[in-house]
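If you want the building blocks of each chain, they are given just below.
Protein chains: 2
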Amino acid sequence: MSKESSKKEEQGITVKKSENISEWYTQVIQKAELLEYTDVSGCMIYRPRAYAIWEKIQQFLDGEIKKLGVQNSYFPIFIPEKLLTKEKEHVEGFAPEVAWVTHGGNSKLNERLAVRPTSETIMYDAYAKWIRSHRDLPLKLNQWNNVVRWEFKHPTPFLRGREFLWQEGHTAFAAKQEADKEVLDILELYRQVFEDYLAVPVILGKKTEEEKFAGADYSMSAETLTPSGKAVQACTSHHLGQRFAKSFDIEFLDEKGNKAYPYQNSWGISTRSIGAMIIYHGDDKGLVLPPKVAPLQVVIVPILFDDSKKKVLEESAKLVKQFEKAGISVKLDNREGYTAGWKFNEWELKGVCIRIELGPKDLEKKQAIVVRRDNNKKEAVKLDDIVKFASKELEQMQKDMFEKAKKWMSENTVHVGTVEKLIEAVNQHKMAVIEWDKAKNRIDEIKEKAAGKCLNLPFKEYFMIDKEDKEYAIFAKSY
Amino acid sequence: MSKESSKKEEQGITVKKSENISEWYTQVIQKAELLEYTDVSGCMIYRPRAYAIWEKIQQFLDGEIKKLGVQNSYFPIFIPEKLLTKEKEHVEGFAPEVAWVTHGGNSKLNERLAVRPTSETIMYDAYAKWIRSHRDLPLKLNQWNNVVRWEFKHPTPFLRGREFLWQEGHTAFAAKQEADKEVLDILELYRQVFEDYLAVPVILGKKTEEEKFAGADYSMSAETLTPSGKAVQACTSHHLGQRFAKSFDIEFLDEKGNKAYPYQNSWGISTRSIGAMIIYHGDDKGLVLPPKVAPLQVVIVPILFDDSKKKVLEESAKLVKQFEKAGISVKLDNREGYTAGWKFNEWELKGVCIRIELGPKDLEKKQAIVVRRDNNKKEAVKLDDIVKFASKELEQMQKDMFEKAKKWMSENTVHVGTVEKLIEAVNQHKMAVIEWDKAKNRIDEIKEKAAGKCLNLPFKEYFMIDKEDKEYAIFAKSY
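Chains as they are written, first to last, in this note's numbering: chain A, 73 to 551; chain B, 73 to 551.
Everything labelled a hint here was simulated from the structure, so no lab data went into it.
Please note: incorrect hints may appear among the correct ones.
No copy labels: a pair is met if it fits in one copy or bridges any two.
As the list claims (entries may be wrong) - In the DSBU-like style, the derived pairs of lysine-lysine whose C-alpha atoms are separated by at most 35 angstroms in a straight line are:
id, residue 1, residue 2
1, K403, K128
2, K331, K437
3, K89, K331
4, K383, K253
5, K278, K415
6, K328, K493
7, K403, K331
8, K180, K521
9, K437, K302
10, K476, K381
11, K160, K103
12, K138, K449
13, K403, K138
14, K138, K253
15, K248, K403
16, K88, K201
17, K415, K331
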């Protein structure tokens with residue numbers, strides 16, 4: 073047993089989430105086998121358990137954007153320096169963080185190549201070739217790819233790194249109102265990814281002029297405050313106006329035969345989203361995953377004794393087949409040399425939504441023990457009913473996790489009347505809501521005294537209870 | 073009409089495939105909107121019509137490798153120079169073609185970073201951390217990603233470029249025979265991609281020592297001769313033995329508690345495959361796509377006159393719904409301002425498998441005209457039967473295209489008894505089969521006199537009619 077118990081010590085999270093959330097997060101990331109560090113600071117390995125979550129997000133979002141007429145494509149990772157620098161505001165935003173390729177084999181290149189930090193410039197150079205007539209519009213392309221931003225801040229797994237995975241959508245329309253509408257349609261899809269899939273509540277709103285995307289007319293974002301007391305900008309949807317079209321000479325003949333510039337959008341959601349979800353839902357035992365994005369929803373742990381082993385395994389195998397038939401992902405953990413308790417700990421650490429324990433005594437009663445990961449609810453359920461029961465619990469768990477997170481964020485959001493109160497709240501790791509007029513000239517002061525920033529100016533449906541004509545802003549510390 | 077006819081001139085392929093296949097290929101790539109050139113030589117844009125073909129390949133292959141227990145993951149694009157150089161043969165193979173990142177923002181990096189040409193080194197550095205016990209094996213990871221090889225040869229769209237998309241599978245086993253088996257299992261899946269999806273016949277075999285992967289014990293490949301008279305190496309499946317395990321200190325305790333090195337494989341298929349398919353099946357009108365990978369299988373072109381327009385469009389819309397219900401991708405081309413003939417040309421150029429023409433006279437007879445892209449077969453079919461008819465034709469088209477290609481390759485493969493005859497055959501753009509013993513010491517001469525190389529040593533099921541004990545080799549010019 074000494075080998076096993078030493079394994080158990082290594083296996084679990086050794087710090088409480090409430091005591092040191094930063095260390096807790098680092099341990100969960102590694103022990104739940106999500107990410108692995110490499111020798112290049114800020115560049116991490118997305119292990120299968122993390123990548124599978126990303127695949128679930130992709131599956132949903134890719135289907136939805138295709139319904140909107142968006143087509144997938146792939147543009148080169150290398151952007152010539154002269155292209156990157158074509159739009160002035162854009163290059164100022166990105167140049168300080170560009171990784172530069174200077175050599176191919178043993179030869180020095182004539183021109184440095186940027187490893188894409190985002191693809192506006194290389195895409196719109198091509199859009200200028202493709203868009204000639206109003207018949208070529210709207211043009212709606214998307215890429216699922218990797219991007220590099222050579223940040224010098226301390227990296228945080230998922231949330232701040234030098235390479236991440238995302239999708240970037242780039243669309244062009246003849247009319248501004250079509251583009252404006254799409255900005256919001258996409259933002260709504262992103263809200264669904266966060267709230268309905270990752271069970272993370274978000275606040276939609278408009279970025280301030282200071283915080284908007286480099287080169288955009290305006291930017292919309294989804295923001296969330298995580299239990300670390302730091303906010304995460306979950307995703308952004310930008311309206312670029314005609315600014316890039318003018319820089320890149322994207323012109324078309326409208327229906328009357330006049331030359332015009334199209335209105336453009338760009339929008340993206342990245343693997344950052346996974347980090348926000350982990351911080352929200354993980355607990356002292358490890359990862360807790362919402363069923364809709366969990367790579368593994370059910371694990372069956374048979375309790376094995378020599379005399380009943382065969383029967384228990386047979387019954388377990390039957391259950392596996394039933395779950396598979398119902399479209400629920402399932403694994404039978406019949407490994408030898410590990411105790412049932414060790415297995416329980418492992419699957420809790422890795423965030424499997426439902427554990428089913430099946431021993432000889434359960435078998436006699438034609439039942440199994442079903443345990444829910446998020447609330448530890450434990451119930452004996454008849455074998456005949458178990459798939460139906462688990463299926464309902466998975467649905468309920470998805471809802472419960474979101475409601476719990478929403479309640480938490482609401483409890484940690486405070487309305488303040490003055491910048492002084494705001495600084496106090498942000499320093500207490502809360503999210504603070506304030507009338508924008510009161511705060512907008514004191515951004516630097518808030519940054520200095522609370523290390524906080526304006527996340528966005530929320531849409532009317534948030535917070536706008538009595539003063540409908542006022543614009544509000546939310547502030548918090550952020551990753 | 074002058075505007076339309078000038079459009080038609082621009083629209084079509086202006087050179088015959090039989091007269092100048094290289095120029096024909098370049099035109100098809102661009103006019104069918106598959107790839108777009110950029111300012112970085114060798115880096116091309118994969119437009120939606122090309123990327124959708126890649127998605128079809130991914131969909132099939134991803135499902136199949138997951139059935140084999142392979143998990144998807146993502147490793148950083150940057151590989152520190154010291155890691156890349158850890159396996160001697162490997163680095164000698166790749167270093168001359170590496171794109172190097174030397175700066176992040178304005179800062180010079182301490183160590184140059186390679187943009188991954190392939191991921192063995194960065195993956196196996198992590199494998200050394202993850203593989204400790206026989207219980208950690210087999211480890212089977214895959215990535216769908218982009219890789220860069222800074223080649224100095226003239227680029228050819230899809231077939232030779234500096235950045236391409238692929239999957240790279242990297243597996244580790246306790247026993248050599250498990251690894252050996254997987255090499256062939258994967259090769260068989262690749263054969264299915266080529267023959268059953270892309271309708272491109274391939275010859276499976278072993279690469280020679282000279283041509284094997286840098287760092288492999290042995291390499292298997294699928295090779296095809298295209299109608300340009302040049303061969304394409306379609307994909308490779310390598311057994312790496314314990315070579316990388318020893319360089320990267322990947323060690324595990326076997327069941328008896330002894331230290332051992334795992335046996336490793338790596339295997340990949342890339343967007344090159346799409347190039348081979350285009351050259352095989354395209355014709356003087358443009359692209360011809362096998363139904364299983366065609367982004368669009370059916371296009372409906374209504375023949376519109378003022379008095380019957382409404383009825384014809386209504387009936388067309390009904391057909392669209394029926395096709396969608398049957399899971400066949402379909403588009404109704406109801407654009408104004410283009411003649412039906414112009415539309416026919418466009419969809420032929422873009423390789424839509426089946427065209428349906430529906431005019432008022434057809435409607436009176438409750439029929440439509442169905443035209444198959446590959447053989448121009450034209451038939452009047454009752455509207456009630458049309459989905460069933462088209463569905464069968466799509467299946468038949470897939471088979472016919474493969475059989476035609478197979479016949480062509482067979483007719484262009486010659487068995488030769490001497491190296492002199494081989495050089496003659498290769499110079500005539502044929503694929504030549506020869507006893508390996510006769511050729512193996514004259515590789516340089518063949519290279520010099522015929523610009524040809526040994527593609528592989530085919531498995532016994534190919535060509536081995538009478539001399540079962542002999543090993544054969546295939547030679548051709550290649551991309």
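**Prompt:** When the hints from earlier in the document are held up against this structure, which numbers fail?
**Reply:** 2, 3, 5, 6, 9, 10
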